[in-house]
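Visitor: Since chain R is already given, all that's left is putting chain G on it; use the hints.
As given, the protein sequences belong to chains R and G, one line each in that order.
In terms of numbering that gives the first Met the number 0, the first sequence has 1 at position 2, counting the first letter as 1, and numbering is strictly consecutive.
In terms of numbering that gives the first Met the number 0, the second sequence has 91 at position 92, counting the first letter as 1, and numbering is strictly consecutive.
Simulated from the structure, these hints should not be mistaken for lab results.
Do not take every clue at face value.
Straight-line Cα separation of at most 25 Å, BS3-like style, residue types lysine-lysine; simulated pairs [what the hints assert, rightly or not]:
| id | chain 1 | residue 1 | chain 2 | residue 2 |
| --- | --- | --- | --- | --- |
| 1 | R | Lys1 | G | Lys176 |
| 2 | R | Lys117 | R | Lys26 |
| 3 | R | Lys103 | R | Lys117 |
| 4 | R | Lys1 | G | Lys257 |
| 5 | R | Lys61 | R | Lys94 |
| 6 | R | Lys66 | R | Lys1 |
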Amino acid sequence: MKILISNTSDAPLYQQIKEQLTDAILKGELAEGDLLPSIRAFANDLRVSVLTIRRVYDDLEKEGFVKSQVGIGTFVSTGNTEFLRESRRRLVEQKLADAIRAAKSLGISWQELQDMMKILFEEE
Amino acid sequence: MEPILEVCGLSKTYPGFSLKDISFSLPEGCITGLIGRNGAGKTTVLRAILGLMPADSGTVHFFNTESPETGARPGRAVRERLGIVLDGGGFYGDFSLEEMKNLTAAAYPSWDEDEYRRYLDRFSLRSRQKIRTLSKGMQMQYALALALSHHAEFLILDEPTSGLDPLIRAGILELLKEFMENGGRGVLFSTHITSDLDKIADLLILMDGGRLVFQEEKDLLLDRFRVVKGDPRDLNPAVEPLLGGITQTAFGFTAVTKQPDRLRALLPDCLLERPSIEDIMLHYLKGGK
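One chain only, chain G, in its complex shape:
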């Protein structure tokens, strides 16, 4: 599989925060989730990749094209193949949907007006409505309609589902799945709603404190860990080193382990289950073993 995005050694220092040597490579055909707690650097990475805030060092390659200079914005030809939704939208609230659309469409030679109308219909958005009167969910739907109507091949979305109700979130995930049905495409989106990633992600990138903690295939990651449930009386010094993130109630303990086989030998009666991404994320961020 060809890489659709390659990031190498991206660094950026601000007063009070720095991105440290971020490198990853995303193959085409994959939906990648960028996760991490608030302030981990997710938005900063996305903005640095897009050249919206120049990096101090490192390179970014889209679609296997020639590498731009450090900190440069991707060239016009590359930008036209990207669909971008950043937090805050960058919309003028006093504009109607139609006016804002005209502004966007002018920037893309490949703008597809029919496609755009289909998205408006799908989301029941009205062209003459002012942007400031849209609900949060509708604003996101509108932003996606704008990002998807010029035949983009790679979507970069910052928190597309945060703060939205489950129904609208499900609709957005459905949209991303449909987008991926054509070959040669990719999606990179940041989120802290890990259940969305359980549903649709292929790859995961975890960030913390401006660093990349891991980039991994979701299924391999989920296969490596197990959630353990057992009798609190079984917790002893032989067992505890195998467990991370132990929580305990009067009725039992729950923890995460990387060594299910050894644990089963020590505690034959414990329950071992496949974890969710949230279990693993908490395990990493709470400094588990």
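Excised from the complex, chain R in its bound form:
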């Protein structure tokens, strides 16, 4: 799993970490039952505050991506696969919306965008 923190991004550190962890879970890079690093070890590695990692874990738990067990640690626990699939769909929609926004700001037409998508889709 990779987590990269950008120093030029406007997104708060907490949000950058949370989004990348969520992505990793949705893409299956982190599987059901995987143990996440301890809060202190994770904070040291990313050079962020333990309070930031704690907030990320708390949020992921509230949103149903992980479960924490006192004394053991925090595990990936997505439980509901239907929910997971829906989340994956949302992720795709989100990225498409980003692409459309970028295209509009550059004045790329709907037709051009469709052509681009078709080429990229077939290349994958």
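Guide: Relative to chain R, chain G alone:
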């Protein structure tokens, strides 16, 4: 998270200097950096917390225990759970490391001789050496070995890294990280080397002129500010109120802002970057907006 230290309304007046109504609370599991310019009152606060100079008013709670009376030293049970390194060390220079250690160990029923030996080995310190022959870095390493060998839960360190070379500093930061791997612990250390805090601090306390300027989570603080770099020709009366601590050269200006969104709207070509603690500290102490 349980508070490991709660300080409430601590005040102390001396001729020419006073601590004014210092209050903060540190949760367990956190490394807290106490920052501020020379003479801001960092050492005085640490000494007042430890009851080494009685405060005029205010209370100090360690480990959620009963509050001692104003200005009293923490009780024996609390002191045994603290690891303390103050500036100047309070060592007798003519003593050998072994002799000074014996003096310290006698004060702590929970003294762990094996642990102490491991620290001496780690720092390559020799027991029979006289304290006055130690270099500055070795003296600090020795002080830490003494402070860490009785299973302390909370470390209070005054300028543990100042005046030391980068390698020794990195070793000390590593030691603090290892110390924090066990739950329920905490570290409070004063420093003016802000790059050390960029690396390991969770919380920051900034002091100036005997007052507390802020206590804040490091990451939230760093997220609130941005360093701005841009074309000096763009500096105009609409932009300037959004900037603090502007420095300018022929090639560009650098400043700090709390309103990156408005600034980006006004100056689409400027660069916005995450600040360092030093950028923010200078911004506050130079009276930025």
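Visitor: Does each hint fit the structure? Answer for all of them.
Guide: Taking the hints in turn, this is what the structure says about them:
no.	hint	in the structure
1	Lys1(R) x Lys176(G)	22 Å, holds
2	Lys117(R) x Lys26(R)	22 Å, holds
3	Lys103(R) x Lys117(R)	18 Å, holds
4	Lys1(R) x Lys257(G)	30 Å, violated
5	Lys61(R) x Lys94(R)	23 Å, holds
6	Lys66(R) x Lys1(R)	21 Å, holds
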